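*Asks:* Just need the whole structure built from these sequences, with the hints factored in.
2 protein chains.
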Amino acid sequence: MTDITLAIVGATGLVGKEILAILEERKFPVKNLVLLASKRSTDTVLSFNGSSIKVKELTQDSFQNVDIALFSAGSSISEKFAPIAAKSGTVVVDNTSFFRMDPSVPLVVPEVNKHALKHHNGIIANPNCSTAQLVMALKPIHDYAPIKRLVISTYQSVSGAGKEAMMELENHSRYLIQGKVADPKEFSHHMPFNLIPQIDVFEDNAYTKEEMKMINETQKILETEIPITATAVRVPVFVSHSEAVNIQTDKPVSVEKCRELLTNFPGVTVLDNIQEQEYPTPRDVSGKDDVYVGRIREDISQKNTLECWIVADNLRKGAALNAVQIAEELIKLPVNVA
Amino acid sequence: MTDITLAIVGATGLVGKEILAILEERKFPVKNLVLLASKRSTDTVLSFNGSSIKVKELTQDSFQNVDIALFSAGSSISEKFAPIAAKSGTVVVDNTSFFRMDPSVPLVVPEVNKHALKHHNGIIANPNCSTAQLVMALKPIHDYAPIKRLVISTYQSVSGAGKEAMMELENHSRYLIQGKVADPKEFSHHMPFNLIPQIDVFEDNAYTKEEMKMINETQKILETEIPITATAVRVPVFVSHSEAVNIQTDKPVSVEKCRELLTNFPGVTVLDNIQEQEYPTPRDVSGKDDVYVGRIREDISQKNTLECWIVADNLRKGAALNAVQIAEELIKLPVNVA
Numbered sequence: 077m078t079d080i081t082l083a084i085v086g087a088t089g090l091v092g093k094e095i096l097a098i099l100e101e102r103k104f105p106v107k108n109l110v111l112l113a114s115k116r117s118t119d120t121v122l123s124f125n126g127s128s129i130k131v132k133e134l135t136q137d138s139f140q141n142v143d144i145a146l147f148s149a150g151s152s153i154s155e156k157f158a159p160i161a162a163k164s165g166t167v168v169v170d171n172t173s174f175f176r177m178d179p180s181v182p183l184v185v186p187e188v189n190k191h192a193l194k195h196h197n198g199i200i201a202n203p204n205c206s207t208a209q210l211v212m213a214l215k216p217i218h219d220y221a222p223i224k225r226l227v228i229s230t231y232q233s234v235s236g237a238g239k240e241a242m243m244e245l246e247n248h249s250r251y252l253i254q255g256k257v258a259d260p261k262e263f264s265h266h267m268p269f270n271l272i273p274q275i276d277v278f279e280d281n282a283y284t285k286e287e288m289k290m291i292n293e294t295q296k297i298l299e300t301e302i303p304i305t306a307t308a309v310r311v312p313v314f315v316s317h318s319e320a321v322n323i324q325t326d327k328p329v330s331v332e333k334c335r336e337l338l339t340n341f342p343g344v345t346v347l348d349n350i351q352e353q354e355y356p357t358p359r360d361v362s363g364k365d366d367v368y369v370g371r372i373r374e375d376i377s378q379k380n381t382l383e384c385w386i387v388a389d390n391l392r393k394g395a396a397l398n399a400v401q402i403a404e405e406l407i408k409l410p411v412n413v414a
Numbered sequence: 077m078t079d080i081t082l083a084i085v086g087a088t089g090l091v092g093k094e095i096l097a098i099l100e101e102r103k104f105p106v107k108n109l110v111l112l113a114s115k116r117s118t119d120t121v122l123s124f125n126g127s128s129i130k131v132k133e134l135t136q137d138s139f140q141n142v143d144i145a146l147f148s149a150g151s152s153i154s155e156k157f158a159p160i161a162a163k164s165g166t167v168v169v170d171n172t173s174f175f176r177m178d179p180s181v182p183l184v185v186p187e188v189n190k191h192a193l194k195h196h197n198g199i200i201a202n203p204n205c206s207t208a209q210l211v212m213a214l215k216p217i218h219d220y221a222p223i224k225r226l227v228i229s230t231y232q233s234v235s236g237a238g239k240e241a242m243m244e245l246e247n248h249s250r251y252l253i254q255g256k257v258a259d260p261k262e263f264s265h266h267m268p269f270n271l272i273p274q275i276d277v278f279e280d281n282a283y284t285k286e287e288m289k290m291i292n293e294t295q296k297i298l299e300t301e302i303p304i305t306a307t308a309v310r311v312p313v314f315v316s317h318s319e320a321v322n323i324q325t326d327k328p329v330s331v332e333k334c335r336e337l338l339t340n341f342p343g344v345t346v347l348d349n350i351q352e353q354e355y356p357t358p359r360d361v362s363g364k365d366d367v368y369v370g371r372i373r374e375d376i377s378q379k380n381t382l383e384c385w386i387v388a389d390n391l392r393k394g395a396a397l398n399a400v401q402i403a404e405e406l407i408k409l410p411v412n413v414a
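From first to last, the protein sequence lines stand for chains A and B.
Taking my numbering, the leading residue of the first sequence gets 77, the next gets one more, and so forth.
Taking my numbering, the leading residue of the second sequence gets 77, the next gets one more, and so forth.
Just so you know, these hints were derived from the structure itself, not from any lab.
Just to be clear, a hint being listed does not mean it is correct.
If chains are identical, the list can't say which one is meant, so a pair holds when it fits in one copy or spans any two.
As the list claims (entries may be wrong) - In the DSS-like style, the derived pairs of lysine-lysine whose C-alpha atoms are separated by at most 30 Å in a straight line are:
hint	residue 1	residue 2
1	Lys256	Lys364
2	Lys408	Lys239
3	Lys93	Lys256
4	Lys327	Lys379
5	Lys239	Lys327
6	Lys364	Lys408
All values reported here derive from a predicted model rather than from experimental measurement.
*Replies:* Given below as structure tokens:
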């Protein structure tokens, strides 16, 4: 199927704009592009493939004749409008957490589990940014040596919290260097030159919702009950999330084997040459499509366990790129999109 | 013993200046203070208890009549001058890594293992900053329920790399905000708004020296062979190191019990009220003496395992404070200092 009518809900947001750029880069076969946002953004004009497109207000009638809609406007918008879109025959790729754990909604990273797409009912969920990059690195290892347990610490950039959060990090960093201090608005604590060991709200088990998303979504995508623990920390980095991951497997995986498995997996790049001090950093990975893995080593504390450092652009593979990749898979399906 | 003649080797460095401040704060019984540094710093005058003291050049003759010398001038200086000082009857408290794993040298965090001080031969080692705060939080847990394995991810501030590194983070952050970029000098990669998953050089097992220091020193101080793995990451924070630590014990430790054990341990503060978004951040902990622990929760992936978040001022408990505390213990000993 080609000549798609595609809608972007939340077109003026960080992820919405990244989706536009990626659709252009990948020459996605868009015939009509419908840009949707809240009323206050409806004067915005965005550029796509050389044309200027005016952003329209999202309403219940926005989805007539729309084949695919990519939603990135927050959970409450998805909760309300994704079912409306699906009902009108649009296939929704939803970037929010709202439908991810719904058993009737496939949660998809195409390189990992595109087979799950076949069973969609009009809504497909895009995983949390920190999950997407994690499962990309885990999948080839898990297929070779089933994973027994994961211990994860994240180092997540502020772009995961949106445009205003990025602006606050920039502005408040400038103030601090000038000897001034401004109260945080977008964060629970000061973000410049600081760390915040909380992303999203706390759940009853004292994990944050962000930590539980990583845990639950990873299990759903890998179709396993692997025990996972995670600590999610916001760091003063603009773009790209990093993860220190301890991976226990049920049989030995040598460092060489792990490198080979990862290198052969589409969308993963191994950058692991410690003699030359080469390993992924968020600055270097920003703007790239691949998930980068470095610092691969055998855990000296436990048999059959690997340590690694996984970095990816959270706006690309963690959000916009993965959504567009799902749309690319959808248009290859024979019946679901029509 | 009172009226000590005390020398600070590396008096003009970050840790040296912090030692001066802490000696004043704690009213350490200094009769004569000898400030030593390399020749290029010998014009510097530093203030102590209202007097101005000129920094002298460190030479082989610097230690005559010095009771205690606190060394913070790098491993090669300690390697050369600590034995000279010890030979002349001075007790050395060494902040560098040079002697830490020497079996004849006690490696001491006073709250944890001050008993080890009794067996010194003129040189006592101060642990690595990331180790000191770690063992403070682990000791009360380990005494109650022996630890079986640790998985650690660190988030370490640039002050651990010295004054120039702090200046580079500040200056290069300003440049970046102004749209300019300067090549890193103090770091292997750009530090502003970035992460560097390497501290110190790599060892043969692909761990960094910093990671192996944490592992080996923690085992030495806790007098155990606990299996430990660690990933050490430099973050764009000026002061205070943070650690996400996964602690497996050989019997259950409830969150309440863990809080009680930590609260009752001297030098540890539990800051763990997630309903109010209270947990330690490096910014809030900078300038404080205590080791702060928050995000305490039962690991949902494994029995008898806790997760926690440990933050301390790396220049204080991680370096200067611990060195002064060792000196305080030394002057209580009956014979070793004379």
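*Asks:* Each of the hints needs a verdict: does it hold here or not?
*Replies:* Status of the hints after comparison with the structure:
no.: 1; hint: Lys256 <-> Lys364; in the structure: between (35 Å within a copy, 21 Å between copies)
no.: 2; hint: Lys408 <-> Lys239; in the structure: neither (33 Å within a copy, 57 Å between copies)
no.: 3; hint: Lys93 <-> Lys256; in the structure: between (32 Å within a copy, 25 Å between copies)
no.: 4; hint: Lys327 <-> Lys379; in the structure: both (9 Å within a copy, 21 Å between copies)
no.: 5; hint: Lys239 <-> Lys327; in the structure: neither (44 Å within a copy, 46 Å between copies)
no.: 6; hint: Lys364 <-> Lys408; in the structure: within (25 Å within a copy, 59 Å between copies)
The structure does not agree with the numbered hints 2 and 5 stated previously, though it agrees with the rest.
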